[in-house]
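Each chain is listed here by its residues.
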Amino acid sequence: MSASAATQAPASTTALGVKRLCKAFGGLRVTCDVTLDVAPGERRLIIGPNGAGKTTLFNLITGEVGADSGAVILNGEDVTRIPSRRRAHLGLARTYQIITLFPRDTILRNVTLALLGLSKLRWDPFISLDRQHHLNDAARAALARVGLDHLAERPLAQTSYGERRRVEIAMALAQNPKVLLLDEPFAGLSIDERRDVQKLLLAIPREVTIVMIEHDMDVALEFAERITLLHFGEVIVEGTRAEVVADPRTREVYLGH
Amino acid sequence: MNQWFILAVNSIALGGLLFLLSAGFSLIFGLMRIPNLMHGSFFMLGAYFGVSILDSGYNFWLAALLSGAAMAVIGAFIERFLLRRLAGQELAQVLLTLGLSFVVADVCLMVWTGDPVQPATPAHLAGALQVAGLFFPLYRVAVIVIAVVVAIALWLMVDWTRLGAMIRAGVDDAPIARVVGIKVSQLFTLIFALGAGVAAFGGVIGAPILSVYPGLDGEMLPLALIVVILGGTGSLLGALVGSFIIGLIYNFGQAMLPDLAYVILFLPMVAVLVLRPQGLFGKVVP
Amino acid sequence: MTAIALQRAGIVLGILLLATLPYWVGNAYYINVASQILLFAVLALALNILVGYGGLVSLGHAGLFAIAGYTAALMLENGYGHLAADLSALVVAVFAAAVFGVLALRTTGIGFLMITLALGQIVWGVAYRWQSLTHGDNGVNVSSRPAPFGISLAAPESFYFATLIVFLIAIAAMALFVRSPFGASLRGTRDQARRMNALGYNVWLIRFLAFLVSGFWTGVAGLLFIYYNGFISPQVAALQTSAEALLMVISGGTATLLGPIAGAAIVVIMKNVVSAYVERWNMALGIIFVLIITFMPEGLVPGSVRLAKLGWQAWRKTGTRAGPAQETAS
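Protein chains in written order, with the numbering used here: chain A, 1 to 257; chain B, 1001 to 1286; chain C, 2001 to 2330.
Hints are computed from structural coordinates only; laboratory data are not their basis.
Source: prediction; values computed, not measured.
The beta carbon of each residue, even a glycine, is placed where N, CA and C say it ideally should be.
One or more hints might be untrue.
[Stated by the list, open to error] Derived CB-CB ranges, DEER-like:
{"hint": "1", "chain 1": "C", "residue 1": "2032", "chain 2": "B", "residue 2": "1163", "range": "51 to 61 Å"}
{"hint": "2", "chain 1": "A", "residue 1": "137", "chain 2": "C", "residue 2": "2102", "range": "37 to 47 Å"}
{"hint": "3", "chain 1": "A", "residue 1": "32", "chain 2": "B", "residue 2": "1173", "range": "19 to 29 Å"}
{"hint": "4", "chain 1": "B", "residue 1": "1271", "chain 2": "A", "residue 2": "41", "range": "45 to 55 Å"}
{"hint": "5", "chain 1": "B", "residue 1": "1271", "chain 2": "C", "residue 2": "2013", "range": "34 to 44 Å"}
{"hint": "6", "chain 1": "C", "residue 1": "2269", "chain 2": "B", "residue 2": "1163", "range": "43 to 53 Å"}
{"hint": "7", "chain 1": "A", "residue 1": "137", "chain 2": "C", "residue 2": "2077", "range": "51 to 61 Å"}
{"hint": "8", "chain 1": "C", "residue 1": "2019", "chain 2": "B", "residue 2": "1276", "range": "48 to 58 Å"}
{"hint": "9", "chain 1": "A", "residue 1": "13", "chain 2": "C", "residue 2": "2257", "range": "50 to 60 Å"}
{"hint": "10", "chain 1": "A", "residue 1": "155", "chain 2": "C", "residue 2": "2098", "range": "48 to 58 Å"}
[As the list claims (entries may be wrong)] Derived lysine to any residue pairs resembling SDA-like cross-links, with alpha carbons at most 20 Å apart:
{"hint": "11", "chain 1": "A", "residue 1": "120", "chain 2": "C", "residue 2": "2235"}
{"hint": "12", "chain 1": "A", "residue 1": "120", "chain 2": "C", "residue 2": "2205"}
{"hint": "13", "chain 1": "A", "residue 1": "199", "chain 2": "C", "residue 2": "2208"}
{"hint": "14", "chain 1": "A", "residue 1": "178", "chain 2": "C", "residue 2": "2235"}
{"hint": "15", "chain 1": "C", "residue 1": "2271", "chain 2": "B", "residue 2": "1148"}
{"hint": "16", "chain 1": "A", "residue 1": "120", "chain 2": "C", "residue 2": "2193"}
{"hint": "17", "chain 1": "C", "residue 1": "2271", "chain 2": "B", "residue 2": "1161"}
{"hint": "18", "chain 1": "C", "residue 1": "2271", "chain 2": "C", "residue 2": "2308"}
{"hint": "19", "chain 1": "A", "residue 1": "178", "chain 2": "A", "residue 2": "22"}
{"hint": "20", "chain 1": "A", "residue 1": "178", "chain 2": "C", "residue 2": "2208"}
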């Protein structure tokens, strides 16, 4: 697959690109002509008031929602036409704003399912999943990265909200993605829990490009290298952390003047 | 030629009956998001009620109206005391209506036995009307007129009254309607009762044509299902158009390919499902 | 004894009981009831693949059941041997399941229910109206049972053992299926279809393949049925039959392999007992449906366990005074 329309930056320096992406629901334009270029290994933060279209943007990137026009480029490949389930195989992973884990399983099984999604074994109706040690061990390792391996056998229903947020991240990391989308990973967490999550996010190696949506400015600003500000589905400001924070338009969007 | 014409009139009359059956089904599905699997039961039970009332010596039209009213009350009870317990669990509600349909079928068998009953057409409507060399069976014409009148009445209610506005709001977005202050639960009871009543009324009206027998419920329900899938759930216009299309296909199918008539009925439904899942006029994708 | 050891002992005991059943039951009537339970258990297990593990409630499985039965019955009538008839029936059943799946999987939930209902009705319509093909209401007679390796299955005991063997194979296959990665994928689509999609799974294809597997075992149950009954009629494809199958699944509980088996036993026994005293099986079926849906939606078996636990806790609380009451997690 080659990039269709000309991308603005040379393909090799874009891990995740979005070009003139548009989406309207009925009459409401949720995403308007959004263009983004995220470099490999970058830590990009996407901010904006509620309803700015941030989660929709994520949904467009993963393909869960189809774009009306524009392109999505993943590691130099135009994936706009590629169904969402294939994008996971191309190195894209995401977490969700609302926790969407598997409620009837243990945390270990939750993460194993994430690993299984990329494995040919998922079609096998004969072998026992519990006995697939390589999968289960890798799942344990992912849980260890978020500090939850001691709770591996705990049913999800008996875990706390903070623990579930970390399971979400473990599932995303388990797939060894090249591009990781985090949708409000700090939402609803206590101060201590936030610190823990922040630590583990900082520990993610540079092979993984991270794009994060977040409302909590304190934690997120520390993390971000470049920031994109969205409002009413449009990119208002983009630049380094310092640039965006200093830009008067940022204050205008949040404070109205 | 006259034969095809009679067939056409009969088909449209059947379409009218199907509309009386399906209008309620469509509204219930549109508002409550459940296919009411006892809708055929309402039709059949209503027809049996009508027959019993007729046997007591009452006027045909009175029997139809009384039966409709009685079924509306029964429908209201079922919704209020059984379905509402399962509010929010649509699948459970559907299975509940399925269970109730079996109960009703057996009760009918117990009370009215297995012999088919066919009440006579009302005396003043027996016979045919001759216009321009074509014979119009009077009763069939009456059925068509009644169906159109009911359709207009329902349309007026839904599109022009405040109640109708609330119903439309509930069909579009029940949770938001609640937030705005619309008592959606009461609407559910009302619509379920209304659907039951109209179906029962249709059952009595249809009795001189279709007769009443065990299994009528099982034959009518799939037709309602097909009409609503074809025409679109929650849409009265869809129910009307769908009813006439199915009425035509059914009768002409019976005449030309009796072995496959029943199956042919489902073809438009399958086509719609594949090509346009929301039906011809629908708003809700099932 | 550990839980696993207890479970294994239970299974062994169960198999032993089943294997020796004709000897301690003795009466041909009850042996036949046992055969019925086993064959309907296969149907219930097949349906549960979709309902319990896939989260897709089908009201059209009687259609698949009947298609397999009619295919074999009609082929036998036309002079084909049992092997040809049975294999063809299974192939046709899987093919029909594929057609059902392609149409019904356009949607999920209520839409899926409605489409499977309609498809089941189409099968009924064909069985009932296409008289030249299916003899309509007269049905098709099945005069002989297969004789594998020359052993006759005419006697109730022999037929029971043959059914038992098929049942055990079916359970074993289902157990593998449930524990397998594919089974886990299917359950994943039941719980979080959207997430599964984002994780790289092909949700539609998983469901479609599950439909085929379900169709296959439904076909197997259909074959057992016609040989048990010696006769098939359009009633077998009717909505009522699909409802009975669904009742078996939900009354026993959808979350385990044992549930549908228990459900099949409950429904078959009730049907036989009720029909002996009263002609109102339909009403009984309906009332039981209503009661279970309203009061014990998770199934009679889990529901009874839950009620028993509540009763047990209440009893314990009245007994103990000293110390905090132990709270058990549900």
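Consistency of the hints with the structure:
Restraint check, residue 2032 of chain C to residue 1163 of chain B: a C-beta distance of roughly 58 Å satisfies the suggested window 51 to 61 Å. Separated by about 39 Å at the C-beta atoms, residue 137 of chain A and residue 2102 of chain C satisfy the suggested range of 37 to 47 Å. For the hinted restraint 19 to 29 Å between residue 32 of chain A and residue 1173 of chain B, the CB-CB distance of approximately 25 Å keeps it satisfied. At about 52 Å, the CB distance of residue 1271 of chain B to residue 41 of chain A agrees with the hint of 45 to 55 Å.
Take residue 1271 of chain B and residue 2013 of chain C: their Cβ atoms lie about 54 Å apart, and the range 34 to 44 Å is violated. Between residue 2269 of chain C and residue 1163 of chain B the beta carbon distance is about 49 Å. The supplied range of 43 to 53 Å therefore holds. The supplied range of 51 to 61 Å is met by residue 137 of chain A and residue 2077 of chain C, whose beta-carbon atoms lie about 57 Å from each other. Between residue 2019 of chain C and residue 1276 of chain B the C-beta distance comes to about 55 Å, which sits within the given range of 48 to 58 Å.
For the pair residue 13 of chain A and residue 2257 of chain C, the beta carbons lie near 54 Å from each other, so the given range of 50 to 60 Å is met. For residue 155 of chain A and residue 2098 of chain C, the Cβ-Cβ distance of about 36 Å falls outside the hinted range of 48 to 58 Å, so the restraint is violated. Restraint check for residue 120 of chain A and residue 2235 of chain C: not satisfied, since their Cα atoms lie roughly 43 Å apart, outside the 20 Å limit. Taking the CA atoms of residue 120 of chain A and residue 2205 of chain C, the gap is about 14 Å. The hint holds against a cut of 20 Å.
Under the criterion of a C-alpha separation no larger than 20 Å, the hint pairing residue 199 of chain A with residue 2208 of chain C is inconsistent with the structure, at around 43 Å. Taken as a hint, the residue 178 of chain A and residue 2235 of chain C pair is broken in the structure, with Cα atoms around 57 Å apart against an allowance of 20 Å. Proposed proximity of residue 2271 of chain C and residue 1148 of chain B is contradicted: the alpha carbons are some 45 Å apart, above 20 Å. A threshold of 20 Å between alpha carbons decides the hint, and for residue 120 of chain A with residue 2193 of chain C the separation of about 19 Å falls inside it, so the pair holds.
For the given pair, residue 2271 of chain C sits about 50 Å from residue 1161 of chain B by alpha-carbon distance, which is inconsistent with the 20 Å threshold. A threshold of 20 Å between alpha carbons decides the hint, and for residue 2271 of chain C with residue 2308 of chain C the separation of about 26 Å lies outside it, so the pair is violated. Distance hint between residue 178 of chain A and residue 22 of chain A is unfulfilled; the C-alpha atoms sit about 24 Å from each other, more than 20 Å. Between residue 178 of chain A and residue 2208 of chain C, the direct Cα distance comes to roughly 31 Å. Violation of the 20 Å bound is thereby established for this hinted pair.
Violation of the numbered hints given earlier is confined to hints 5, 10, 11, 13, 14, 15, 17, 18, 19, 20; the remaining hints are satisfied by the structure.
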